[in-house]
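Enquirer: Spelled out from the first residue to the last, the chains are:
2 protein chains.
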Amino acid sequence: MSENQDTQKSFLETVKFDDRGLVPAIVQDHETGKVLMMAWMNLESLKMTLEKKKACYWSRSRNKLWLKGESSGNMQDVHDIMIDCDGDTLLLKVSQKGGACHVGYHSCFYRKTTDGEQMEICDTLMFDPEEVYGKKS
Amino acid sequence: MSENQDTQKSFLETVKFDDRGLVPAIVQDHETGKVLMMAWMNLESLKMTLEKKKACYWSRSRNKLWLKGESSGNMQDVHDIMIDCDGDTLLLKVSQKGGACHVGYHSCFYRKTTDGEQMEICDTLMFDPEEVYGKKS
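Chains R and Y supply the protein sequences, listed in that same order. Everything in the first sequence is counted per this note's numbering, starting at 1 for the first residue and increasing by one. Everything in the second sequence is counted per this note's numbering, starting at 1001 for the first residue and increasing by one.
The hints are simulated quantities; they were obtained by calculation from the structure and are not laboratory data. Just to be clear, a hint being listed does not mean it is correct.
[Stated by the list, open to error] With a straight-line Cα cutoff of 30 Å, these simulated DSBU-like cross-link-like pairs (lysine-lysine) come out:
id: 1; chain 1: R; residue 1: Lys47; chain 2: R; residue 2: Lys9
id: 2; chain 1: R; residue 1: Lys112; chain 2: Y; residue 2: Lys1135
id: 3; chain 1: Y; residue 1: Lys1054; chain 2: Y; residue 2: Lys1064
id: 4; chain 1: Y; residue 1: Lys1064; chain 2: Y; residue 2: Lys1047
id: 5; chain 1: Y; residue 1: Lys1135; chain 2: R; residue 2: Lys16
id: 6; chain 1: Y; residue 1: Lys1052; chain 2: R; residue 2: Lys112
id: 7; chain 1: R; residue 1: Lys34; chain 2: Y; residue 2: Lys1135
id: 8; chain 1: Y; residue 1: Lys1053; chain 2: Y; residue 2: Lys1016
id: 9; chain 1: Y; residue 1: Lys1034; chain 2: R; residue 2: Lys52
id: 10; chain 1: R; residue 1: Lys135; chain 2: Y; residue 2: Lys1009
id: 11; chain 1: R; residue 1: Lys64; chain 2: Y; residue 2: Lys1064
id: 12; chain 1: Y; residue 1: Lys1053; chain 2: R; residue 2: Lys53
id: 13; chain 1: R; residue 1: Lys53; chain 2: Y; residue 2: Lys1047
id: 14; chain 1: Y; residue 1: Lys1097; chain 2: Y; residue 2: Lys1052
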């Protein structure tokens, strides 16, 4: 077993950030196991998540730290953080307040396909994005 | 709701591959909800997955198509494929034969930290990698 696959190194030393300094974080409801979203973290947002126990990401579109729920109020309380064998993907077990998805659904994975062509909605709408984020001008 | 967030376009048209032509795929046990791994797909591996209903990825380390389980026998039968709001992450619901992780665990996420420093093993060893893949020379 290589050094990156065991538990000898510290957690932060084990995380492998990519060439942009980011690592993907899968977010899962800690009680139901439902996968809610995937987002990206840099070292700063990971440290903030560990410190505050609230999920904090790096927004690639806005190029800034993103405390999940800072606009919508839909914060994520972090219960556990897991890391994969290669150290290059994280899994957060959270309690999600409201919906995780900016479109208004509970999960960002609100569409599924079985035939590879058609898609259908497979999740519950939790809020109206225009009410939460304001109307787009 | 933008075009990329609804169900009007076809599934394959909705998938947004990154600048390497890849999209991350989260893999979840379809019965227990346990997150097993994350891997990457290109268009070819996604089409093969849809066609065969067996998970097929793009191996970034070997730079080739990777039918999951082709070496270990630990195939993944694909029940559903979901796509997130931005179209840039997939979620596969699968039946996993044996362990998903090449280290021998059921899930690649076999280590967790709660304090951000120490890590502990939180999963079950399913097989001995040396027996399955052969000894490393």
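Enquirer: Next step is simple, just say for each hint if it's right about the structure.
Expert: Verification of the hints:
1. Lys47/R - Lys9/R: holds, 17 Å
2. Lys112/R - Lys1135/Y: violated, 40 Å
3. Lys1054/Y - Lys1064/Y: holds, 16 Å
4. Lys1064/Y - Lys1047/Y: holds, 15 Å
5. Lys1135/Y - Lys16/R: Status holds; Cα separation ~26 Å.
6. Lys1052/Y - Lys112/R: Judged against 30 Å, a Cα distance of about 17 Å means the pair holds.
7. Lys34/R - Lys1135/Y: violated, 37 Å
8. Lys1053/Y - Lys1016/Y: Holds, at about 21 Å.
9. Lys1034/Y - Lys52/R: The given pair, whose Cα atoms are some 25 Å apart, holds under the 30 Å limit.
10. Lys135/R - Lys1009/Y: Within the cut-off at roughly 24 Å; holds.
11. Lys64/R - Lys1064/Y: Violated. Lysine 64/R to lysine 1064/Y sits at ~34 Å, over the 30 Å cutoff.
12. Lys1053/Y - Lys53/R: violated, 38 Å
13. Lys53/R - Lys1047/Y: violated, 39 Å
14. Lys1097/Y - Lys1052/Y: Holds, at about 16 Å.
When the structure is compared with the earlier hints, violations turn up for hints 2, 7, 11, 12 and 13 and for no others.
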